[in-house]
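Novice: Turn these sequences into a full structure, and let the hints guide you.
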Amino acid sequence: MCDTCGCNVTHGNQHLVTGDGKLARTEDGKAAITVLQGLLTENDHQAAHNRQHFDNREILAINLMSSPGAGKTALLEATIEALGDEFSIAVIEGDLETENDAQRIRDKGVPALQISTGSACHLDAHMVHDALHHLDLDGIDVVFIENVGNLVCPASFDLGQHRNITLLSVTEGDDKPAKYPVIFRAADLVLLTKADLLEVLDDFDPAKAEEYIRQLASEVPVLQLAARRNVDIDSWLNWLRNEVKEQRKRVKKKLTLRPAIQPEGSILHSGHDHSHDHHQPHSHPHTHDKPHSHS
Amino acid sequence: MHELSICQSLIDQVETLANENQAVAVKTIWLQVGPLSGAEVPLLEHAYPLAAVGTVAENAQLLIESMPVRVRCRTCGEESVASVNKLLCGVCNDYRTDLVSGDEMILAKLEFDTQAH
Chain A
0 MCDTCGCNVT
10 HGNQHLVTGD
20 GKLARTEDGK
30 AAITVLQGLL
40 TENDHQAAHN
50 RQHFDNREIL
60 AINLMSSPGA
70 GKTALLEATI
80 EALGDEFSIA
90 VIEGDLETEN
100 DAQRIRDKGV
110 PALQISTGSA
120 CHLDAHMVHD
130 ALHHLDLDGI
140 DVVFIENVGN
150 LVCPASFDLG
160 QHRNITLLSV
170 TEGDDKPAKY
180 PVIFRAADLV
190 LLTKADLLEV
200 LDDFDPAKAE
210 EYIRQLASEV
220 PVLQLAARRN
230 VDIDSWLNWL
240 RNEVKEQRKR
250 VKKKLTLRPA
260 IQPEGSILHS
270 GHDHSHDHHQ
280 PHSHPHTHDK
290 PHSHS
Chain B
0 MHELSICQSL
10 IDQVETLANE
20 NQAVAVKTIW
30 LQVGPLSGAE
40 VPLLEHAYPL
50 AAVGTVAENA
60 QLLIESMPVR
70 VRCRTCGEES
80 VASVNKLLCG
90 VCNDYRTDLV
100 SGDEMILAKL
110 EFDTQAH
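Keeping their order, the protein sequence lines are chains A and B.
Quick note on numbering that gives the first Met the number 0: the first sequence kicks off at 0 and runs consecutively.
Quick note on numbering that gives the first Met the number 0: the second sequence kicks off at 0 and runs consecutively.
If you're looking for bench data, these hints aren't it; they were derived computationally from the structure.
Please read these numbers as outputs of a predicted model, since none were measured by experiment.
Positions of the beta carbon are idealized from the N, C-alpha and C atoms, including for glycine.
Just to be clear, a hint being listed does not mean it is correct.
What the hints assert, rightly or not - Just the calculated beta-carbon pair ranges, DEER-fashion:
{"#": "1", "chain 1": "B", "residue 1": "Val80", "chain 2": "A", "residue 2": "Lys178", "range": "16 to 26 Å"}
{"#": "2", "chain 1": "A", "residue 1": "Gln102", "chain 2": "B", "residue 2": "Lys26", "range": "46 to 56 Å"}
{"#": "3", "chain 1": "B", "residue 1": "Gly89", "chain 2": "A", "residue 2": "Gly83", "range": "43 to 53 Å"}
To be verified - Simulated coverage check for chain B against chain A, where a stretch passes if three residues somewhere in it have a Cβ under 8 Å from a Cβ of chain A:
{"#": "4", "segment": "15 to 23"}
{"#": "5", "segment": "46 to 60"}
Specialist: Following this line, the structure appears as structure tokens:
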């Protein structure tokens with residue numbers, strides 16, 4: 000969704016741009032313009048800026064999405080316990096209310112910033128940007144953004160992350176990917192959580208869940224784990240280790256990465272020779288290296 | 000219910016464009032929305048007046064074109080119609096497809112008055 004690189008021009012609307020110019024004036028002072036901009040262009044620009052911010056510091060940013068109660072915070076707790084000595088982690092927590100989740104993370108000795116969204120059902124790039132100003136990112140390797148528990152809205156907003164993870168707890172039903180295709184299509188990794196409960200549940204078939212995911216034309220890895228009991232978390236930890244390594248390689252090559260959603264889009268956005276170059280210095284009225292006074 | 004956020008973002012864009020083109024009122028806004036964008040057309044239509052009130056687009060007509068879900072198969076190369084939760088090739092049934100259309104959420108076109116009446 001970027002109005003300068005042309006990825007908004009799809010098969011369905013191509014005919015609109017192959018016309019005779021942008022502005023067509025009619026009688027009575029009426030004018031019509033062809034725009035073809037993503038509706039979330041402003042958000043996407045802010046997201047690109049956030050991503051630049053992460054890339055400048057070689058930080059891998061991961062967005063966690065799931066329904067409420069699928070185990071996002073528990074996954075983070077287990078991950079911090081397992082990898083706390085290996086990586087420096089920081090967490091941005093999105094919830095409608097309370098500081099509870101941020102406190103759980105801080106109890107593990109990791110900086111966490113709570114965004115209370117009030118009635119908003121998702122995080123957007125501006126909220127994450129504000130949060131970044133309140134987090135000390137020096138020496139941080141991975142920033143996890145725990146989105147608001149919701150399988151619908153978070154999928155539409157780029158936050159500046161590099162990877163999306165969608166969690167599906169086995170108590171939810173194996174057909175969730177068919178019911179919420181947008182959020183599962185957006186995943187770079189799907190984690191089937193609370194998998195230790197599979198033995199007492201007769202209505203969740205992991206193979207079926209995976210089949211529904213494949214039917215979304217998705218080739219993402221699907222891993223099972225039970226974070227609260229530290230069961231089968233090694234594959235997840237290795238995935239994460241590898242992503243940290245890949246992010247460092249990308250930064251060295253001055254490349255960046257947008258999370259999944261559409262392969263063609265991410266190819267366009269990971270390149271370096273289109274006019275929407277996110278590696279150019281931004282002419283923002285602020286810098287990130289100075290203390291901020293936020294209103 | 001993120002459709003209100005989307006409409007607010009739309010209004011910001013429309014106001015900027017109206018301003019650039021010296022518009023006094025926006026008459027019509029054309030959107031293209033596919034079901035895989037995550038935005039629901041009826042919810043956008045309901046949220047729009049709330050976002051537009053008091054702006055240059057307050058009385059604009061919102062026309063939303065629903066885009067079809069279409070995929071191109073990476074295996075056989077054919078293009079076919081698909082459904083939101085079954086993005087399989089309609090010809091060879093392979094799941095390795097790329098979306099050609101269906102996830103759009105685009106401001107396609109604007110029409111406005113440039114003279115006060």
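Novice: Does the Cβ-Cβ separation between Gln102/A and Lys26/B fall within 46 to 56 Å?
Specialist: At roughly 52 Å between Cβ atoms, Lys26/B and Gln102/A fall inside 46 to 56 Å, so the hint holds.
Novice: Using the beta carbons of Gly89/B and Gly83/A, state whether their distance is inside 43 to 53 Å or not.
Specialist: holds (49 Å)
Novice: So is the segment 15 to 23 of chain B in contact with chain A by the C-beta rule, three or more residues under 8 Å, or is the coverage claim wrong?
Specialist: holds (count 3)
Novice: Counting residues of the segment 46 to 60 of chain B with a beta carbon closer than 8 Å to any beta carbon of chain A, are there 3 or more?
Specialist: Coverage by chain A is violated here, the residue count being 0 at a Cβ distance below 8 Å.
Novice: Evaluate the given range 16 to 26 Å for the C-beta pair formed by Val80/B and Lys178/A.
Specialist: holds (21 Å)
Against the hints set out earlier in the document, a violation occurs for number 5 only.
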